[in-house]
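Asker: Now for the letters of each chain:
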Amino acid sequence: MLSIKDLHAEVEGKNILNGLNLEIRAGEVHAIMGPNGSGKSTLGHVLSGRPGYEITQGSVEFLSKDLLTLDTEERAHLGLFLAFQYPVEIPGVSNMEFLKASVDAVRESQGAATYDTVSFMRRAREACAAVDLDQAFLKRGVNEGFSGGEKKRNEIMQMMLLEPRLCILDETDSGLDIDALRVVASGVNGMRSEPRSFLLVTHYQRLLDYIEPDFVHVLADGRIIKSGEKSLALELEEKGYSWLDESEVA
Amino acid sequence: MSQEQIDRAIAKDYAAGFTTDIESDTLTPGLTEDTIRFISAKKKEPEWLLEWRLTAFRFWREMSGPDWAHVNYPEVDFQSISYYSQPKSMEDRPKSLDEVDPELLATYEKLGIPLHEQEALAGVAVDVVFDSVSVATTFREKLAEAGVLFCSISEAVQHYPDLVQKYLGSVVPRKDNFYAALNSAVFSDGSFVYIPKGVRCPMELSTYFRINEANTGQFERTLIVADEGSHVSYLEGCTAPMRDENQLHAAVVELVALDDAEIKYSTVQNWYPGDAEGKGGIYNFVTKRGLAHKNAKISWTQVETGSAVTWKYPSCILRGDNSVGEFYSVALTNNLQQADTGTKMIHLGSNTRSTIISKGISAGQSSNAYRGLVRVGPAAKGARNYTQCDSLLIGDKCAAHTFPYIESKNPTGVVEHEATTSKVSDDQLYLCQQRGLDPEKAVSMIVNGFCKEVFKELPMEFAVEAGKLLEVSLEGSVG
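In the order they appear, the protein sequences are chains A and B.
Counting with the numbering used here, you get residues 1 to 250 for the letters of the first sequence.
Counting with the numbering used here, you get residues 1 to 479 for the letters of the second sequence.
These aren't lab readings, by the way, just hints derived from the structure by calculation.
One thing to keep in mind: the hints can contain errors.
Stated by the list, open to error - Facing chain B, according to a computed beta carbon distance under 10 angstroms, are these residues of chain A, among others:
(1) Arg50
(2) Leu68
(3) Thr69
(4) Glu73
(5) Arg75
(6) Ala76
(7) Ser102
(8) Asp104
(9) Arg107
(10) Val118
To be verified - In the EDC-like style, the derived pairs of lysine to aspartate or glutamate whose C-alpha atoms are separated by at most 20 angstroms in a straight line are:
(11) Lys197(B) x Glu277(B)
(12) Lys100(A) x Asp134(A)
(13) Lys441(B) x Glu237(A)
(14) Lys100(A) x Glu326(B)
(15) Lys381(B) x Glu326(B)
(16) Lys452(B) x Glu144(A)
(17) Lys441(B) x Asp104(A)
(18) Lys468(B) x Asp438(B)
(19) Lys226(A) x Glu237(A)
(20) Lys441(B) x Glu89(A)
(21) Lys139(A) x Glu97(A)
(22) Lys441(B) x Asp71(A)
(23) Lys423(B) x Asp438(B)
(24) Lys452(B) x Glu89(A)
(25) Lys65(A) x Asp132(A)
(26) Lys100(A) x Glu163(A)
(27) Lys151(A) x Asp427(B)
(28) Lys423(B) x Glu163(A)
(29) Lys100(A) x Asp438(B)
(30) Lys468(B) x Asp104(A)
(31) Lys151(A) x Glu326(B)
(32) Lys423(B) x Glu453(B)
(33) Lys423(B) x Glu89(A)
Please read these numbers as outputs of a predicted model, since none were measured by experiment.
Yeah, the Cβ is synthetic: ideal placement off N, Cα and C, and Gly gets one too.
Extracted from the complex, chain A is given alone in its bound form:
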């Protein structure tokens, strides 16, 4: 589904990704871990096409398309979703209005029928309940005055409604209390299915207690330096990242 080959990228003239390789097949859940500044968040933004991120080398294929030639919204239309680490506010635009426009745009681009307002509102209310947010949040401005945890739940709600093929979660777990973490995890687990894949960018092993990954990768200096199964995450928690640096050198 997603094939990243020898990806190099820079932000403001600074190399962040240095030859990253990653294969994600349909239905898989991958976790990317790594120390601060290793390029974890950059990877998510490069894949989703954030302006200002320059690809200097390498290729990314997503669902048999050359992802890097597509505009940000075209990548979203293909089914790529990024849950933001710091979701921005859009004052005055209600969550419901935003969600409807967004789901309409994605479905239209895929040639699927758009939902009528009544059935969309029902779906939105269900999603809202699933992430344990009060229905009043649907009427409030997008992320306007939301707490950190509420913003993250809102991201998961959007993900549920958009039904993407590849969900990238950028440190969604950071700053969450245990209840919110459970809600986010159950949202993700409920969406796990054969055609859908996940890329979890995280700093802590904690998230992986709730969402069990198929693969864990360690990112350092813009490259994946080690890949393994779930046990790797536990090992990392025990030994820290420095252990890997040394073993790499050795």
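The hints should help you fit chain B onto chain A, whose structure is shown.
Answerer: Below, chain B alone, put in the same frame as chain A:
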């Protein structure tokens, strides 16, 4: 108004920019006392009105144009403008829509306001001003049942001269300012509304203004009188064809709300703004003012997206105790447009209250200024004002300015002013695009959200239209 009509009315580029090929009876350009005598005679006006116009003209000749506004434009040559234009086939006024020139009707179709449909739709009575003569007034009969008078000001002069004579110029005196004096001298037509005591007008009243002839200034005059305890909501929409030369629009609108009356006046202004290089477009120099008596309420809502230069301050004189004034405004400028707009709230009576919500949006290389005056007079015990003035910038070549003036002569008055300036951020755009919205849709959504407090004051079908208008006006402002 149906969605389809709205879509048609504001299709890409300046969709209203067509001219209609109708033979017109246009006066040779130039302005002298004879011009005024000609207009007055053409309209078979009584002697007092001719004198009223001539006096205004004498005032005007002594005055000079305002130079304090934050706008730049070449001096207007008032002798090169034609002051009267009337479609020829109108010599004999049509008695009903069926008698109206089909070409004219087709023009309205293009504008998305087919009168025939509109009769059935929405319950909106429209008094259409096409250049200078009111073409057809719909719904008059239904309004007459309620005792509401709604007609062109020329007809009102013929049929209700006492009302016109009593109130014309009572809110905006002829000497008020340069353009008001000019309008008083040469006004050609406009709308007249009278709501009798205690009557709630059964429908939204609406006028569509459109400038068609090249080189004709439009000087319409609107007078709305709401008698004691009455209520009326009025909407004015404006368009003009695309032309290379600049056209002048100097209107005067007077509102009189007697004791316990309420007038809500909404404007959606989409005059031609000129092209991307700033060529052509309307000069919109308008004086709008309302006078509120005891317990009366006057509410102005405006959505301004058009005109090359806008100079406009719909105001309220809160003369009666407990009277209320409101001003809700969205002013959008793009490309090389310039706007200097705002309001004046003059608190004279005790316990008078006013609210000002102004949303300015600047895109391209445009300049957008809010200018507002809140004056609390010595007798205005317990007066309150709340002003919120927000500016939104799109791109980095545009400008937003705020000029608030506060004069308080009564220590019990409370005047609050809040102002913000923000920018459509790259992060907001990125979030929207990541969710599948293209950048233009994203900007229009963000801008609509910014304007929400004002749009909710508009009658619903016009709120939709206003949102769409912003979308069209913002085209090309990103990327």
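Asker: Hint by hint, which ones does the structure fall short of?
Answerer: The structure breaks hints 2, 3, 10, 11, 13, 14, 25, 28, 31; every other hint is satisfied.
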